[in-house]
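**Q** Each chain, letter by letter, is given below.
2 protein chains.
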Amino acid sequence: MAAKKIAIIGLGQMGSAIAFPAIENGNDVRLVGTSYDDDAVKACIETGKHPRLDIPFPEGGKFYYCSQWKEAVDGADFVIGAVSSFGVDWFLDEILSNLSPTLPVISATKGLVDLEDGSLISYPEYWERGLKEKGIRRSISAIGGPCTAYELMHHDQTEVAFCGRNATLLRMMRKALQTSYFHISLTKDVLGLESAVALKNVYALAVSMAIGSSQSKEGKREDLHFNSQAGVFYQATREMLTILQVQKADTNSFMMGVGDLYVTVSGGRTTKLRMCLGEGKTLEEALKILDGMTFESLVIIKRVMKAVERMAQRGMLDTEDFPLLRHVYDVVENGADPDNIPWDKFTFEHV
Amino acid sequence: MAAKKIAIIGLGQMGSAIAFPAIENGNDVRLVGTSYDDDAVKACIETGKHPRLDIPFPEGGKFYYCSQWKEAVDGADFVIGAVSSFGVDWFLDEILSNLSPTLPVISATKGLVDLEDGSLISYPEYWERGLKEKGIRRSISAIGGPCTAYELMHHDQTEVAFCGRNATLLRMMRKALQTSYFHISLTKDVLGLESAVALKNVYALAVSMAIGSSQSKEGKREDLHFNSQAGVFYQATREMLTILQVQKADTNSFMMGVGDLYVTVSGGRTTKLRMCLGEGKTLEEALKILDGMTFESLVIIKRVMKAVERMAQRGMLDTEDFPLLRHVYDVVENGADPDNIPWDKFTFEHV
Chain A
1 MAAKKIAIIG LGQMGSAIAF PAIENGNDVR LVGTSYDDDA VKACIETGKH PRLDIPFPEG
61 GKFYYCSQWK EAVDGADFVI GAVSSFGVDW FLDEILSNLS PTLPVISATK GLVDLEDGSL
121 ISYPEYWERG LKEKGIRRSI SAIGGPCTAY ELMHHDQTEV AFCGRNATLL RMMRKALQTS
181 YFHISLTKDV LGLESAVALK NVYALAVSMA IGSSQSKEGK REDLHFNSQA GVFYQATREM
241 LTILQVQKAD TNSFMMGVGD LYVTVSGGRT TKLRMCLGEG KTLEEALKIL DGMTFESLVI
301 IKRVMKAVER MAQRGMLDTE DFPLLRHVYD VVENGADPDN IPWDKFTFEH V
Chain B
352 MAAKKIAIIG LGQMGSAIAF PAIENGNDVR LVGTSYDDDA VKACIETGKH PRLDIPFPEG
412 GKFYYCSQWK EAVDGADFVI GAVSSFGVDW FLDEILSNLS PTLPVISATK GLVDLEDGSL
472 ISYPEYWERG LKEKGIRRSI SAIGGPCTAY ELMHHDQTEV AFCGRNATLL RMMRKALQTS
532 YFHISLTKDV LGLESAVALK NVYALAVSMA IGSSQSKEGK REDLHFNSQA GVFYQATREM
592 LTILQVQKAD TNSFMMGVGD LYVTVSGGRT TKLRMCLGEG KTLEEALKIL DGMTFESLVI
652 IKRVMKAVER MAQRGMLDTE DFPLLRHVYD VVENGADPDN IPWDKFTFEH V
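Going down the list, the protein sequences come from chains A and B. Counting along the first sequence from 1, when you hit position 321 you're at 321 in my numbering, and nothing is skipped either side. Counting along the second sequence from 1, when you hit position 208 you're at 559 in my numbering, and nothing is skipped either side.
Warning: the hint list may mix true and false statements.
With the Cβ distance kept under 8 Å, some of the chain A side facing chain B (calculated, not the full set) [as the list claims (entries may be wrong)]:
| no. | residue |
| --- | --- |
| 1 | Ile136 |
| 2 | Gln157 |
| 3 | Thr158 |
| 4 | Phe233 |
| 5 | Met256 |
| 6 | Val258 |
| 7 | Gly259 |
| 8 | Glu349 |
Calculated lysine-lysine pairs in the DSBU-like style (CA-CA distance at most 35 Å, straight line) [stated by the list, open to error]:
| no. | chain 1 | residue 1 | chain 2 | residue 2 |
| --- | --- | --- | --- | --- |
| 9 | B | Lys539 | A | Lys345 |
| 10 | B | Lys400 | B | Lys413 |
| 11 | A | Lys345 | B | Lys696 |
| 12 | A | Lys248 | B | Lys696 |
| 13 | A | Lys345 | B | Lys355 |
| 14 | B | Lys696 | A | Lys49 |
| 15 | A | Lys248 | B | Lys355 |
| 16 | A | Lys345 | B | Lys657 |
| 17 | A | Lys62 | A | Lys134 |
| 18 | A | Lys248 | B | Lys599 |
| 19 | B | Lys356 | A | Lys345 |
| 20 | A | Lys345 | B | Lys413 |
| 21 | B | Lys485 | A | Lys306 |
| 22 | A | Lys345 | B | Lys526 |
| 23 | B | Lys413 | A | Lys5 |
| 24 | A | Lys4 | B | Lys696 |
| 25 | B | Lys696 | A | Lys175 |
| 26 | A | Lys188 | B | Lys696 |
| 27 | B | Lys599 | B | Lys657 |
| 28 | B | Lys355 | A | Lys62 |
| 29 | B | Lys599 | A | Lys188 |
Keep in mind the hints are simulated off the structure, nothing from the lab. Because the structure is a prediction, the values reported are computed rather than measured. C-beta atoms are modelled at their ideal positions from N, C-alpha and C, and glycine is treated no differently.
Please work from the sequences and hints to get the whole structure.
**A** Now the structure itself:
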């Protein structure tokens, strides 16, 4: 395999994790921090290990400060964007707007943006629109699927999908990054895949509430609350699918989202939130304790609720079909009791 | 609510569990053991507690030996069948064949039977066909969904569906059994629901293998194997849906199966198997240790594999779409290494 030159922008969990298969495959990998990552870049240059990770990078990666990003992308075969959802506009204005439009970009940032008409668009589309306003035409690919960064870097078997409009580019990037533990599907369904993996953030929080609710009721008896978790998981998949059908998503994209919901509930960032809630803390207290973590969940919930309401006004769906989304929204926005899960509204009658 | 007279046949986990909401709702509940349950019935009569359960029954239930079953069903408004999948023919020959055809029956037994032409039929249909051969016409309803018995009896919030052809009967049974923690959907999609909740037994074992594989590789570091679990969960939902589409299942039935897969993986009987495998034991050793447990998984895997092969011969699906089923089958039937999960075959290309 001819090695590629790959620039990864963003030295957070996911940017760091993708560097593992990228470097191990013999590629020339340049890791670029954002302006928040200067200390981490310094540590990586000095020790080869990210201070917030528990294992060192494979040997061979090169590290760059944010100010050096143009040097890092010079001559690259493709760029991997791995900023948090709070860095989306910075990535647009600072990086994408100043990058050669012929240099392929694939993004690992998960999220959706709601438009005035109730549409939810993916970050790739959001960036493409932003660039178009500046007279720049480019197509952006993205990564989605059940993949927590921590486990990817520990070589746990991982299934993801790359989505984008250019099959040749997707295949080139897959070839550069796939390993014996990193398995990559390809799809042209950008909106579907990105919606699926963003929606799981909403619903992972919902499952966490079911866990928290059971724990506050039952104490620490973890063996007694899987029915309720599964009840919320079931309802979550129903609501996710309803939105994805409006998005005309491919079934495989939905399944990637279901897998992603599973991994997020089990091993993701929401686990810590769940533990705080399980210890009887309120959501507000829990968020204070977890200050500094990027809760994409909280951003995405508001956007999705707003979009669902607008889509309902336009007759594209029925808000009655989203009792779980409504509950999560009411907890996050209106201080509702997370334990008041509307279980009866999850039933259906199809006789 | 006018109380009903309800006879529950089978004093295993699920029969006992459903007795909790049934008795708490003020119904006249008669619990009937099978011939294997005589000791348990004796203990229940003497102490009000099933020897294999950790809490007593709510007060008010009446217990009957197998030999007294006709007395127990006398005057009943409906019968709940809760035999294990190994008691299916006994239930047909002993109970259903000797029961008034006008007495409604709903079954909690999960499973599928494969016919010569590759069709998979539900137990209700299996029984209806068996009765028809004896000149008896009856319609049988069933219960499916993400519900472990142990948690139901501990009042964990639980979502299930009742399926059957008679909406009036389904509503009557729902009214008798629904509680503040037992939430019941209704559907006419008997085959879809029963297929979904039976298939999850196949795929729960598959997820267990992913867990076992990671544990044998990583040791006890439970925090490092959720990507691989999620990768198998994702593939499991894809394969389940492919079969369910052949069955013309309703989407809600599929979702009930996904929820059921979640609860089985997390809290169900396969957890013990998973633990044995995780400790480095072979499947054979694990099954020996767990001797006496009813592994519906192992029965259903063979039936589903055979059915999928026959359906493929008839052009209804492609066996290439079932790499996970094939792997699980090879482990169970041919002694293949459970760790050799065919990860690359779970990818797709849709560009």
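**Q** Take the hints in turn and mark each one as holding or not.
**A** Tested hints:
Interface hint at A/Ile136: violated, since its Cβ lies 24 Å from the closest Cβ of chain B, which is beyond the 8 Å cut-off. Among the interface hints, the one on A/Gln157 holds; its C-beta lies about 4 Å from the nearest C-beta in chain B, closer than the 8 Å criterion. With a least beta-carbon distance of about 4 Å to chain B, the hint placing A/Thr158 at the interface is held under the 8 Å criterion. For A/Phe233, the interface hint holds, since its Cβ comes within 8 Å of a Cβ in chain B; the closest pair sits about 5 Å apart.
Restraint check, A/Met256 versus chain B: the minimum CB separation of about 6 Å is within 8 Å; hint holds. A cut of 8 Å between beta carbons decides the hint on A/Val258: the least distance to chain B is about 5 Å, and the hint holds. With a least beta-carbon distance of about 3 Å to chain B, the hint placing A/Gly259 at the interface is held under the 8 Å criterion. Taking 8 Å as the C-beta contact cut-off toward chain B, the hint placing A/Glu349 at the interface holds, the least distance being around 5 Å.
Note on B/Lys539 and A/Lys345: the hinted pairing holds, with a Cα-Cα distance of about 19 Å set against a maximum of 35 Å. Distance restraint check for B/Lys400 and B/Lys413: the Cα-Cα separation of roughly 12 Å lies within the 35 Å cut-off, and the hinted pair is therefore satisfied. Taken as a hint, the A/Lys345 and B/Lys696 pair is broken in the structure, with Cα atoms around 38 Å apart against an allowance of 35 Å. At most 35 Å may separate the alpha-carbon atoms for a hinted pair to count; A/Lys248 and B/Lys696 meet this at roughly 25 Å.
The suggested pairing of A/Lys345 with B/Lys355 holds, with an alpha-carbon distance near 25 Å, which does not exceed 35 Å. Taking the CA atoms of B/Lys696 and A/Lys49, the gap is about 34 Å. The hint holds against a cut of 35 Å. Restraint check for A/Lys248 and B/Lys355: the C-alpha separation of about 46 Å exceeds 35 Å, so the hint is violated. Simply put, A/Lys345 and B/Lys657 have alpha-carbon atoms about 39 Å apart, too far for the 35 Å limit, and the pair is violated.
At most 35 Å may separate the alpha-carbon atoms for a hinted pair to count; A/Lys62 and A/Lys134 meet this at roughly 32 Å. For the proposed pair A/Lys248 and B/Lys599, the alpha carbon gap of about 20 Å is at most 35 Å, so the pair holds. Taken as a hint, the B/Lys356 and A/Lys345 pair is honoured in the structure, with Cα atoms around 28 Å apart against an allowance of 35 Å. A distance of roughly 33 Å separates the Cα atoms of A/Lys345 and B/Lys413; the hinted pair therefore holds under the 35 Å criterion.
Of the supplied pair hints, the one linking B/Lys485 and A/Lys306 is violated, its CA atoms being roughly 59 Å apart against a limit of 35 Å. Restraint check: the Cα-Cα separation between A/Lys345 and B/Lys526 comes to about 16 Å, which is no more than 35 Å; the hinted pair holds. Under the criterion of a C-alpha separation no larger than 35 Å, the hint pairing B/Lys413 with A/Lys5 is inconsistent with the structure, at around 74 Å. As the CA atoms of A/Lys4 and B/Lys696 are separated by approximately 25 Å, the hinted pair is consistent with the 35 Å bound.
For a cut-off of 35 Å, the pair hint linking B/Lys696 to A/Lys175 stands: about 16 Å separates their Cα positions. About 19 Å separates the Cα atoms of A/Lys188 and B/Lys696, which keeps this hinted pair within 35 Å; it holds. This hinted pair checks out: B/Lys599 and B/Lys657 have alpha carbons roughly 19 Å apart, not beyond 35 Å. Simply put, B/Lys355 and A/Lys62 have alpha-carbon atoms about 73 Å apart, too far for the 35 Å limit, and the pair is violated.
With a C-alpha separation of about 27 Å, the suggested pair B/Lys599 and A/Lys188 falls inside the 35 Å cut-off, and the hint holds.
Figure legend: structure checked against the earlier numbered hints; hints not met, in rising order: 1, 11, 15, 16, 21, 23, 28.
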